[in-house]
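Chain residues, written in single-letter form:
Number of protein chains: 2
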Amino acid sequence: MSLLVIGTVAFDAIETPFGKTDKIIGGSATYACLSASYYEQNINLVAVVGEDFPESEINKLQRHHINVEGLQIKQGEKSFFWSGKYHNDMNTRDTLVTELNVLENFDPVLPDSYQDCEYLMLGNLAPALQKLVIERLEKRPKLILMDTMNFWMDIALEELKEVIAMVDVISINDEEARQLSGEYSLVKAAKKIMAMGPKNIIIKKGEHGALLFDKEQVFFAPALPLEDVFDPTGAGDTFAGGFIGYLSKTDDASFENMKRAIVYGSAMASYCVEKFGTQKIESLSDEDLDTRIQQFIDLMQFEISL
Amino acid sequence: MSLLVIGTVAFDAIETPFGKTDKIIGGSATYACLSASYYEQNINLVAVVGEDFPESEINKLQRHHINVEGLQIKQGEKSFFWSGKYHNDMNTRDTLVTELNVLENFDPVLPDSYQDCEYLMLGNLAPALQKLVIERLEKRPKLILMDTMNFWMDIALEELKEVIAMVDVISINDEEARQLSGEYSLVKAAKKIMAMGPKNIIIKKGEHGALLFDKEQVFFAPALPLEDVFDPTGAGDTFAGGFIGYLSKTDDASFENMKRAIVYGSAMASYCVEKFGTQKIESLSDEDLDTRIQQFIDLMQFEISL
Chain Y
1 MSLLVIGTVA FDAIETPFGK TDKIIGGSAT YACLSASYYE QNINLVAVVG EDFPESEINK
61 LQRHHINVEG LQIKQGEKSF FWSGKYHNDM NTRDTLVTEL NVLENFDPVL PDSYQDCEYL
121 MLGNLAPALQ KLVIERLEKR PKLILMDTMN FWMDIALEEL KEVIAMVDVI SINDEEARQL
181 SGEYSLVKAA KKIMAMGPKN IIIKKGEHGA LLFDKEQVFF APALPLEDVF DPTGAGDTFA
241 GGFIGYLSKT DDASFENMKR AIVYGSAMAS YCVEKFGTQK IESLSDEDLD TRIQQFIDLM
301 QFEISL
Chain A
307 MSLLVIGTVA FDAIETPFGK TDKIIGGSAT YACLSASYYE QNINLVAVVG EDFPESEINK
367 LQRHHINVEG LQIKQGEKSF FWSGKYHNDM NTRDTLVTEL NVLENFDPVL PDSYQDCEYL
427 MLGNLAPALQ KLVIERLEKR PKLILMDTMN FWMDIALEEL KEVIAMVDVI SINDEEARQL
487 SGEYSLVKAA KKIMAMGPKN IIIKKGEHGA LLFDKEQVFF APALPLEDVF DPTGAGDTFA
547 GGFIGYLSKT DDASFENMKR AIVYGSAMAS YCVEKFGTQK IESLSDEDLD TRIQQFIDLM
607 QFEISL
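If you read the protein sequences in the order shown, they are chains Y and A.
Heads up: the first sequence at position 254 corresponds to 254 in the working numbering, and the numbers run straight through without jumps.
With positions in the second sequence counted from 1, the corresponding number in the working numbering is that position plus 306.
Among the hints, erroneous ones may be present.
Taking lysine-lysine pairs in the PhoX-like style, the calculated list, with each CA pair at most 25 Å apart, reads [claimed, not checked]:
1) Y:Lys188 with A:Lys581
2) A:Lys437 with A:Lys391
3) Y:Lys60 with Y:Lys280
4) Y:Lys188 with A:Lys445
5) A:Lys467 with A:Lys521
6) Y:Lys280 with A:Lys511
7) Y:Lys215 with Y:Lys188
8) A:Lys555 with A:Lys445
9) Y:Lys191 with A:Lys581
10) A:Lys329 with Y:Lys188
11) A:Lys380 with Y:Lys188
12) Y:Lys275 with A:Lys581
13) A:Lys581 with A:Lys494
14) Y:Lys205 with A:Lys380
15) A:Lys445 with Y:Lys275
16) A:Lys581 with A:Lys505
17) Y:Lys205 with A:Lys437
18) Y:Lys188 with A:Lys391
19) Y:Lys192 with Y:Lys20
20) A:Lys511 with A:Lys498
21) Y:Lys20 with A:Lys326
22) Y:Lys275 with A:Lys497
23) Y:Lys85 with A:Lys494
24) A:Lys437 with A:Lys380
25) A:Lys521 with Y:Lys192
26) A:Lys498 with A:Lys521
Worth flagging that the hints you see were computed from the coordinates, not collected in a lab.
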């Protein structure tokens, strides 16, 4: 199948207890596309960067079979830049700098060649832009996944709800699910959010794993217990990218297949956090993937016959 | 096989966002024995209560095939009493009252009929008492599980370490594992604690599930996502009781069987939190158990062939 990904392609500067980076490549679409590329060979990117964005990095995306026809390069402008510092527990962070730059006036243009995409991932962006992308597709994709965050719940709740009503799967973290639903219980929160439109909700719990719901069923995948989490930046985008990349490749949106997609997404995220930025997920081998999936099988599988 | 459980049998008064109880029956051994009784029919209890402890409650334990020959009843004294209030998130609580009463001079006496026990659960108690029980057994059990808490790390660390060196499996929560090991990463914490003696460590993460380690392997079981957690009191003891009850019944301490035991323990804990105190786990049917285990299978199992 073919997958369309919209999101940010950007610069990050990250500080963790393990070290500090200068400006490195980041952004929700970067992580999601790289991650999806291990499963889906037909990926179309929609994003915007400034003239400061290195061509070598764009080439890197292309080497991952990511079509960059929809990546706008704005001359005379600068790329989106985010800088953050993680606390010792790696679960919380302070944002030090956010420079929107090219994102401020981003108008997502979809090349004609993108029109037949069957799977769509709306990475974390202003809900109005996410909606625009859906509207600009002549044919509704088979499956639309949206990722969002509390920031949009705070400043653009009504627009956000409009997008939520248009998608099949929403992916948010536990605190965001609580904020959006007004329910503390994640089971109740999931039900309320699915009542807003989506058939499925994925609730990301960071180091505590992720839950997948439909109206009747629930599935849980843990995060892989690691000796060191080096840099959690992009783990959620990597997870979502692996999830939809696998769905797109297999072209099967059944709950059973989504379970597998959650495991593949978790495996990709577990690699992501092992190095700074996209470093680790840029060059994984088939063997790396199989090894990690086997670790998830060992971590989660047991035999009980009733 | 036969299982020996030492711990507290006590009164609790509990306040949660859902309601409030007067003095009800609680204690680590009460929860653990009741939970284990669904798997193991040969359970021997060692604990102490005061003359205020109702005979009807002792009869209830006996109806669960729990041998109370080792339950001392101290005339003229009062039972251990704990009172606590849970915060809205149900993950944290304030202790309002702790009256040690009979626990202050507890001398655990083991009836002769307990001497041949093959599985031993040392419920949360002063490490010196846990050690005494091991020493008073003429033959070392096949498997010793200890549960403990940060309180003993604060006031009796050296004694605690002596007991840890004597047991096969230690069960503690994530914060306690971090405190005991000085490591934030639970993988590193588990390794350090196993280096103190135990072959296995179980790290309980409350609503985020539980991890089981041996030197080479790790297994994870989530907590069942529930609409409402009514009262978390005793969930950890219930989990540990279900775990060792299942091990004792099946007499198999392999890692594969421990995985199953973790799932059975998690299932028991998920029932425990649905009502106040021991109410729910006093009268579960075989069908209840099967239904819940099936929910865990659905929650955790996926099919990927590499």
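How the hints compare with the structure:
1. Y:Lys188 with A:Lys581: Satisfied, since the Cα-Cα distance of roughly 18 Å is no more than 25 Å.
2. A:Lys437 with A:Lys391: 31 Å, violated
3. Y:Lys60 with Y:Lys280: With Cα atoms ~13 Å apart, lysine 60 of chain Y and lysine 280 of chain Y stay inside 25 Å; holds.
4. Y:Lys188 with A:Lys445: 50 Å, violated
5. A:Lys467 with A:Lys521: This hinted pair holds, its Cα atoms lying about 19 Å apart.
6. Y:Lys280 with A:Lys511: Not OK: lysine 280 of chain Y and lysine 511 of chain A at ~28 Å, beyond 25 Å, violated.
7. Y:Lys215 with Y:Lys188: 11 Å, holds
8. A:Lys555 with A:Lys445: With Cα atoms ~19 Å apart, lysine 555 of chain A and lysine 445 of chain A stay inside 25 Å; holds.
9. Y:Lys191 with A:Lys581: Satisfied, since the Cα-Cα distance of roughly 22 Å is no more than 25 Å.
10. A:Lys329 with Y:Lys188: 31 Å, violated
11. A:Lys380 with Y:Lys188: 47 Å, violated
12. Y:Lys275 with A:Lys581: 44 Å, violated
13. A:Lys581 with A:Lys494: 36 Å, violated
14. Y:Lys205 with A:Lys380: Roughly 48 Å separates the two Cα atoms, so the pair is violated.
15. A:Lys445 with Y:Lys275: 50 Å, violated
16. A:Lys581 with A:Lys505: 34 Å, violated
17. Y:Lys205 with A:Lys437: 39 Å, violated
18. Y:Lys188 with A:Lys391: 23 Å, holds
19. Y:Lys192 with Y:Lys20: At roughly 40 Å apart (the allowed maximum being 25 Å), lysine 20 of chain Y and lysine 192 of chain Y break the hint.
20. A:Lys511 with A:Lys498: 18 Å, holds
21. Y:Lys20 with A:Lys326: 50 Å, violated
22. Y:Lys275 with A:Lys497: Within the cut-off at roughly 22 Å; holds.
23. Y:Lys85 with A:Lys494: 23 Å, holds
24. A:Lys437 with A:Lys380: 22 Å, holds
25. A:Lys521 with Y:Lys192: 42 Å, violated
26. A:Lys498 with A:Lys521: 10 Å, holds
Hint check: violations occur at hints 2, 4, 6, 10, 11, 12, 13, 14, 15, 16, 17, 19, 21 and 25; the rest are consistent with the structure.
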